[in-house]
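A.B. asks: Knowing the structure of chain A, use the given hints to seat chain B on it.
So you can see what is in the structure, the chains are spelled out below.
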Amino acid sequence: MDAVFLQFLNGLDKGSAYALIALGLTLIFGTLGVVNFAHGALFMIGAFCAVVMRKILTLESVVLSTTEKTPWGDAKEIRTPYIETWFGDVGTTMIEYSVIFSIFFAIPVMMFIGVVMERGLIKHFYKRPHADQILVTFGLAIVLQEVIKAWFGANPIPQPAPASLTGSVDVGIWLGMTAESLVYPLWRLIYFAFSAIIIACTFAFLQLTTYGMVVRAGMADRETVGLLGIDIDKRFTFMFGLAAVITGLAGVMYTPILSPNYTLGMDFLVLCFVVVVVGGMGSLPGAVVAGFLLGILQSFAAMNEVKAILPGIDQIIIYLVAVIVLMTRPRGLMGRKGVMED
Amino acid sequence: MTKLTSGISRRNIIKTSAVGAGALAMPLVFTGSAGAYTNEPKGSDVTFGFNVPQTGAYADEGADELRAYELAVEHINGEGDGGMMNTMKPLSLKGNGVNGKKVKYVTGDTQTKADAARASAKSMIEKDGAIMISGGSSSGVAIAVQGLCQDAGVIFMAGLTHSNDTTGKDKKANGFRHFFNAYMSAAALAPVLKSAYGDDRNVYHLTADYTWGWTQEKSIVAATEAMGWNTVKTVLTPLTTKDFSSYIAPIIASGADTLVLNHYGGNMINSLTSAVEFGLRGKQVNGKDFQIIVPLYSRLMAQGAGENVKGIYGSTNWHWSLQDEGSQAFVKSFGKKYKRPPSQAAHTTYVQALLYADACERSGTFNPCGVGEALEGHKFDGMGNGPTEYRAADHQCFKDVLVVKGKEKPESDFDLLEVVEVTPRAQVEYAPDHEMFAGGSLGKCNPGA
Chain A
1 MDAVFLQFLN GLDKGSAYAL IALGLTLIFG TLGVVNFAHG ALFMIGAFCA
51 VVMRKILTLE SVVLSTTEKT PWGDAKEIRT PYIETWFGDV GTTMIEYSVI
101 FSIFFAIPVM MFIGVVMERG LIKHFYKRPH ADQILVTFGL AIVLQEVIKA
151 WFGANPIPQP APASLTGSVD VGIWLGMTAE SLVYPLWRLI YFAFSAIIIA
201 CTFAFLQLTT YGMVVRAGMA DRETVGLLGI DIDKRFTFMF GLAAVITGLA
251 GVMYTPILSP NYTLGMDFLV LCFVVVVVGG MGSLPGAVVA GFLLGILQSF
301 AAMNEVKAIL PGIDQIIIYL VAVIVLMTRP RGLMGRKGVM ED
Chain B
343 MTKLTSGISR RNIIKTSAVG AGALAMPLVF TGSAGAYTNE PKGSDVTFGF
393 NVPQTGAYAD EGADELRAYE LAVEHINGEG DGGMMNTMKP LSLKGNGVNG
443 KKVKYVTGDT QTKADAARAS AKSMIEKDGA IMISGGSSSG VAIAVQGLCQ
493 DAGVIFMAGL THSNDTTGKD KKANGFRHFF NAYMSAAALA PVLKSAYGDD
543 RNVYHLTADY TWGWTQEKSI VAATEAMGWN TVKTVLTPLT TKDFSSYIAP
593 IIASGADTLV LNHYGGNMIN SLTSAVEFGL RGKQVNGKDF QIIVPLYSRL
643 MAQGAGENVK GIYGSTNWHW SLQDEGSQAF VKSFGKKYKR PPSQAAHTTY
693 VQALLYADAC ERSGTFNPCG VGEALEGHKF DGMGNGPTEY RAADHQCFKD
743 VLVVKGKEKP ESDFDLLEVV EVTPRAQVEY APDHEMFAGG SLGKCNPGA
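Respectively, the protein sequence lines represent chains A and B. Going by our numbering, the letters in the first sequence line up with residues 1 to 342, in that order. Going by our numbering, the letters in the second sequence line up with residues 343 to 791, in that order.
In case anyone wonders, no lab produced these hints; they're calculated from the structure.
Which stretches of chain A does chain B cover? Using the computed rule of at least three CB atoms under 8 Å from a CB of chain B, they are:
{"#": "1", "stretch": "9-16"}
{"#": "2", "stretch": "72-83"}
{"#": "3", "stretch": "165-175"}
{"#": "4", "stretch": "255-263"}
Across the chosen pairs, the derived CB separations fall in these ranges:
{"#": "5", "chain 1": "A", "residue 1": "8", "chain 2": "B", "residue 2": "580", "range": "19 to 25 Å"}
{"#": "6", "chain 1": "A", "residue 1": "55", "chain 2": "B", "residue 2": "580", "range": "30 to 36 Å"}
{"#": "7", "chain 1": "B", "residue 1": "580", "chain 2": "A", "residue 2": "59", "range": "37 to 43 Å"}
{"#": "8", "chain 1": "A", "residue 1": "326", "chain 2": "B", "residue 2": "783", "range": "50 to 56 Å"}
{"#": "9", "chain 1": "A", "residue 1": "68", "chain 2": "B", "residue 2": "783", "range": "48 to 54 Å"}
{"#": "10", "chain 1": "B", "residue 1": "537", "chain 2": "A", "residue 2": "147", "range": "45 to 51 Å"}
{"#": "11", "chain 1": "B", "residue 1": "542", "chain 2": "A", "residue 2": "312", "range": "32 to 38 Å"}
{"#": "12", "chain 1": "B", "residue 1": "749", "chain 2": "A", "residue 2": "69", "range": "16 to 22 Å"}
Here's a subset of chain B near chain A, in silico, CB distances under 7 Å, partners left out:
{"#": "13", "residue": "587"}
{"#": "14", "residue": "595"}
{"#": "15", "residue": "611"}
{"#": "16", "residue": "620"}
{"#": "17", "residue": "648"}
{"#": "18", "residue": "673"}
Backbone N, C-alpha and C define an ideal beta-carbon position, used for all residues, glycine too.
Chain A with its partners taken away, still in its complex shape (with noise of 0.2 Å):
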């Protein structure tokens, strides 16, 4: 029983992810209707924006040292971190939290990026067919892979959660079960609160307030709000740019959890357009519930028990419930007449 809670938090945990990025996905869907295969990339990128804060704070003076000598007989190099020099334990711990820092940091970098790539090059593509947005945006995602490698490197880069919120909490004690009998890491805990944070906030933006208003209405109608006199294109690049805030801000909460490399888009990408698809394009409770619903099921999907009656079940579990989604339900679980049927 304790194994089956675990995978359930587990489940929530992964789920957390998935919804996040396929929450992104259908924010751009929705408004833009544009099928944005670079929306993996924003995850990597929002990572990156972890490693690079990190770089910022640990940037270092450089003193060659007069009495050690390297293997090869260079004179020893002596790094410390400015940030040390100026602030002592302060700037210690500044770096401690560098992930914490990395959210406000990708917030403007995230943003500015959303508004580049819709302006710069996905608005071209509007009214072209939905196969020609998916070869623009899949390259896009390529050069942006190939970048991140360039400047990076190929190996992943660990960024390590501030040590006070690491380690394990016995979630069990919290249940009434005995104690350690369930035991689960604290990032993970808070990576799903935070999760749960900014999709409320997202359907808060949405359903209270007057811009999220005309956005919603310009993603049910979009000519009629234009001619309101709304200048519903702006709006719907700044959706654009929240969508790869919020997709960026999975990336980097998510660094603890997997160290970040170049290839983190592309391992999400396909999951996340099979969550987008089960939920029902353009539905964001569809998104979101779909995305904890997979992740909970491909945890369930990865017990040895489970495996032990259905081996290599766990690998496929998320395109079988897409598969038996489309055919019971077209539509997706959640998903709205007319959307992706022209």
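C.D. replies: The following block gives chain B in isolation, referenced to the frame of chain A:
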């Protein structure tokens, strides 16, 4: 209509055309060249082919291998400080190239994919006239390229390949491996693990689902069971797995107190990160501290895993901190040129290039059969692993193996592992017909033409 005479009929023309087209379509490599063997060098230089991952997950490892090859070629041609050519014994190379010819090299990108690796090796042999192929950072790739080189009639000096199969069931007469293997890792690690963690452990294995993972698991299971450890479960993980949390969670409920990660590269970085994240290392099971073991380490992997490697045992082929004359000479050369210490991948590829060149010089030919004969049973020293022998029976190098541990207080990005034991060669040696290496045979050397 004119009737064709003298046996020239439409049918004959079609037949002849078909044979001609087939001959043209056949790769040059399988038809041989004008010389006595494939790509026999005619001019004043000879071309080596270095086939390493320049893109893909092991691109950093490949980059280090290329640095080492570049350095090796410099030293063979008499440039630079000579590196291990100052310490290698015996040495026939004179610092003027090989057999009086200056060494040039071409490179290929394996992409860590067997098909791509074969294609790039084939291209270097057919188009660039490479006399030999060396490199690789994966056993799947090494075995595939070794097979190609056997058919093509060139020598393959394997790079980083650790599967027992490379010099076991998939061994080839034209293939030679300097790197150690999974059996050796297990044989070296077992006594150290017994002394560190006792002889009563329950072990859970996560294993990469491909040739290297299978042989690594088999080797370490046999070695640990022989010293009394109990294998609780072995679980294969697809190579494409990134998030290992689903595989780690069941370990907690399994009653195991030890986890062996038969993973390499990105797999190892991610699985170790997940294991540490789930608190396995701080856990107490059966009254014992939970332990994690990584049978095959590399410094580049350790860099990727960061702090998680601290205190974790594994094995490695070579480490830059070794104090012997050969290692020091190589570290000095490499460090001066590239401002960093070499990785084990760099070391093994550098040594392979030198060993090949030296064998050519000793045999006085580039003919793969002559070179292979010179390498078979060759005993040498001064290259970082103590007295070493290229065993004739399987073309596997036998030498000391290093047991290492993640360093608790690293002083730099490169200073992540500490050597805890140099396991003597005798302890990791096995019979050529050992069950883990059974099947397959070297066959006959193929000179190509």
